[in-house]
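Residue numbers (the numbering used here), protein chains in the order written: chain A, 1 to 441; chain D, 1 to 441.
Don't read these hints as lab results, they were simulated from the structure. Treat the hints with care, as some may be off.
Which copy? The list can't say, so a pair holds if one copy fits it or any two copies do.
What the hints assert, rightly or not - With a Cα cut of at most 30 Å, we get these calculated DSSO-like pairs of lysine-lysine:
| hint | residue 1 | residue 2 |
| --- | --- | --- |
| 1 | 298 | 392 |
| 2 | 222 | 389 |
| 3 | 433 | 389 |
| 4 | 253 | 229 |
| 5 | 298 | 314 |
| 6 | 49 | 389 |
| 7 | 354 | 32 |
| 8 | 389 | 402 |
| 9 | 229 | 431 |
| 10 | 63 | 32 |
| 11 | 321 | 239 |
| 12 | 176 | 402 |
| 13 | 137 | 433 |
There are 2 protein chains.
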Amino acid sequence: MNIVLLSGGSGKRLWPLSNDIRSKQFIKMFKKEDGQYESMVQRVYRQIKAVDPEAKVTIATSKSQVSAIHNQLGEEVGVCVEPCRRDTFPAIALASAYLHDVKGIGEDEAVVVCPVDPYVSIEYFQALASLGHLAEKGGANLSLLGMEPTYPSEKYGYIIPENKEEVSPVKTFREKPDAETAKSYIAEGALWNGGVFAYQLKYLLNKAHQLIDFTDYEDLYKKYETVNKISFDYAVAEKEKSIQVMRFSGDWKDLGTWNTLTEAMVEPVIGQAMLNETCENLHVINELNVPVLCMGLKNVIVSASAEGILVSDKEQSSYIKPFVDQINQQIMFAEKSWGSFQVLDVEEESLTIKVTLNPGHQMNYHSHEHRDEVWSVISGTGRAVVDGKVQKIGPGMVVTMKAGCKHTVIADSELKIIEVQTGKDISVHDKIKFPLEGEGI
Amino acid sequence: MNIVLLSGGSGKRLWPLSNDIRSKQFIKMFKKEDGQYESMVQRVYRQIKAVDPEAKVTIATSKSQVSAIHNQLGEEVGVCVEPCRRDTFPAIALASAYLHDVKGIGEDEAVVVCPVDPYVSIEYFQALASLGHLAEKGGANLSLLGMEPTYPSEKYGYIIPENKEEVSPVKTFREKPDAETAKSYIAEGALWNGGVFAYQLKYLLNKAHQLIDFTDYEDLYKKYETVNKISFDYAVAEKEKSIQVMRFSGDWKDLGTWNTLTEAMVEPVIGQAMLNETCENLHVINELNVPVLCMGLKNVIVSASAEGILVSDKEQSSYIKPFVDQINQQIMFAEKSWGSFQVLDVEEESLTIKVTLNPGHQMNYHSHEHRDEVWSVISGTGRAVVDGKVQKIGPGMVVTMKAGCKHTVIADSELKIIEVQTGKDISVHDKIKFPLEGEGI
């Protein structure tokens, strides 16, 4: 199975766990059978591999998510990077060109596209595999998955099938309705449109060439910024005559808001928290290393991270976005392909961070114009390179770097460092990269 | 006026702003006219000095509060340190002996005793001055202040006066009643007992010598641990025949719980917070440097500090103590006479803290057996002394100290340092103090 996972959005609606560089799909909040926690993207990837160990998974996403994807899924997963956001049709066109031109997928092979954030059981991915087979058979140009509605939702678009068979031609699509209209759609036999579909690669490539002027993947990547924003539904699905829908009646939930996310939590608390006996329908997710004490709260979500604290009535939490847009907060925590960093202290002319490097990984070799830095190693071992000189480092050791000096660190085991930056105009943009140099690295 | 402020308790009921070493009386949460915030103790001290600039203020407290008192009030304020907690009678006896033997206060002078945490206006302190004059006149051995009740409170003991004059002999005392009984007391003309009273110094010293076997202040201080716990009311007030009460009808509130504390807040928010329009009767006190977003909360208090986060229904917040007793959290922030420290990061074999030294102050000269330390100066200037060697320090400079080496730092201007500790068994108890040595300090 070739599967493209659409991983979009900055996930502001799950602030403070998500932010501009840390999207909801990377928050580790789902408890596995072994007691460890995994993120949405880890859960979905694990489920796909359980259904089809040979599945070729490609994640279509923005540049800002690439580090987090490799950090959580390893290096093997395919990543198709959108140079900028251009809605779903250009993203799917780019991913299709990537599969054909970079990954060498044949034109007759089927591709299944689905969002990265469904909260579902294994049978959903079995349905995706069936959808792929259906597309490969070629009975229609486009094969959709339609979810059997469990209530007259106003959140989803609806697909009206021609008949009640497991696979039926699509009669028409309906926009997100109000609850009354949704009831009438359901009476008609309508299905939820979850944005899941499959096609033979050649079909989508032809569509892409019809609508966008490009030669191959590389060309499309280069001119991506000039491509018009347009959704896949509008550009393709709603105009396609040869289109069918396969019913899916299993559990299906998308986890876009705190309200739906907390419904998917197995336990009411993740992290350090104490709840008194008068709390009801309360969920706490606390990423800080200090306790949260909750007393007398009903229908409330409390979420605390290095970025901030949300305390919200569950229904009100769906109106979070405009408030989070106002927050102009320094990024306090980020996962990178090499590890992670956390801001510990911010002063006018200094910044203190904790850097964690995964074993075998390293930072870029770089220098800063406007700041000095001091590394104090707190655990692990590795090698620091400063202006080409290599030294072994371990707990308690200190490396000082004046402004202008080139430096990096290579982790031999998991390496944790406290980095103290001092200087005027401390900024993430003050960074010059160099090729690594140094004897005996 | 000689005034003794009783500053007791660990203030767990205002967690996370207060803890074992940071009591509620030191939290800066009251907005002054200049827009700055002051603490309970700063507010009370300022009010006393406004009424009587010559007032001699002595704070009776435990050792753990001495640093914070001097940090907030300066060095001039008198501090009578209780070697351990022995309830109010021994504390008042010790303070009285301190005033007589250390401060040289005459035996005929009046002493006014009151708790450190009333939230009151200037007229309360004017009443204290009148109470002092009354005691000095000698019309009774003991002169109490009785607050005119505003509602049948179950929180206070009651004083029943013999008549309705401004000053009346006391008929009897009543324990904290239920609301119904409180109503009948009030119908009888009862007053709240706020623990405020005045006496001539010789009266209390005689009582002290009757009940405790000691010679002078120093002797009492030494044997303080062997003294029985007993309250002033039980040991003295309830047995005294020559006792009068002065009415006080002005505003009077003690700030012992979140509920009463938030009632005293001028604005609903201290610190970074956003409230949506559906919040009602919500108070937020946020000491962190990241925002708190509140949506749809009613009658709730949110308080966040380096120690933890409280989210509580206001009524429920009065049941906080047993939960806070369970928290076995490392102290994350403390004010000291020389400045303050804040824990930034805790790992198994390392601890990172930010130390702020006030200008002209210094740490003890000390060493550690089990840990290495690294100082990175982030702002200010001063002098570091390491094994007797003095060096000037400023922003970006680094000082490394191996286990066993003696060290201190002296602040010439306000000095901020990131201290990284590494080693096994990091503990506040691993500290050996030395007399300062070093050429040209």
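Each hint, compared with the structure:
1. Within a single copy, residue 298 and residue 392 get their C-alpha atoms no closer than 54 Å, and across copies no closer than 56 Å, so neither meets the 30 Å cut-off.
2. Within a single copy, residue 222 and residue 389 get their C-alpha atoms no closer than 38 Å, and across copies no closer than 61 Å, so neither meets the 30 Å cut-off.
3. With identical chains, the CA atoms of residue 433 and residue 389 are at most 30 Å apart within one copy only, with a shortest distance of 17 Å there and 39 Å across copies.
4. Taking the shortest Cα distances, residue 253 and residue 229 sit within 30 Å of each other inside one copy (27 Å), while across copies they are farther apart (62 Å).
5. In the homo-oligomer, the alpha carbons of residue 298 and residue 314 lie at most 30 Å apart both inside one protomer (9 Å) and across protomers (13 Å), since each shortest distance falls under that limit.
6. Taking CA atoms no more than 30 Å apart as the test, residue 49 paired with residue 389 passes in neither setting, with 44 Å inside one copy and 63 Å between copies.
7. In this assembly of identical chains, the alpha carbons of residue 354 and residue 32 lie at most 30 Å apart only when taken from the same copy (28 Å versus 37 Å across copies).
8. For a Cα distance limit of 30 Å, the shortest separation of residue 389 from residue 402 qualifies both inside one copy, at 14 Å, and across copies, at 24 Å.
9. In this assembly of identical chains, the alpha carbons of residue 229 and residue 431 never lie at most 30 Å apart, being 32 Å within a copy and 64 Å across copies at closest.
10. Taking the closest pair of Cα atoms, residue 63 and residue 32 come within 30 Å of each other only inside a single copy of the chain (29 Å); across copies the shortest separation is 49 Å, beyond that limit.
11. With identical chains, the CA atoms of residue 321 and residue 239 are never at most 30 Å apart, being 33 Å at best within one copy and 65 Å at best between copies.
12. In this assembly of identical chains, residue 176 and residue 402 lie within 30 Å of each other by CA distance neither inside one copy nor across copies; the values are 58 Å within and 66 Å between.
13. In this homomeric assembly, residue 137 and residue 433 never come within 30 Å of each other (Cα to Cα): the closest approach is 50 Å inside a single copy and 82 Å across copies.
This entry does not satisfy hints 1, 2, 6, 9, 11, 12 and 13, going by the numbered hints stated previously.
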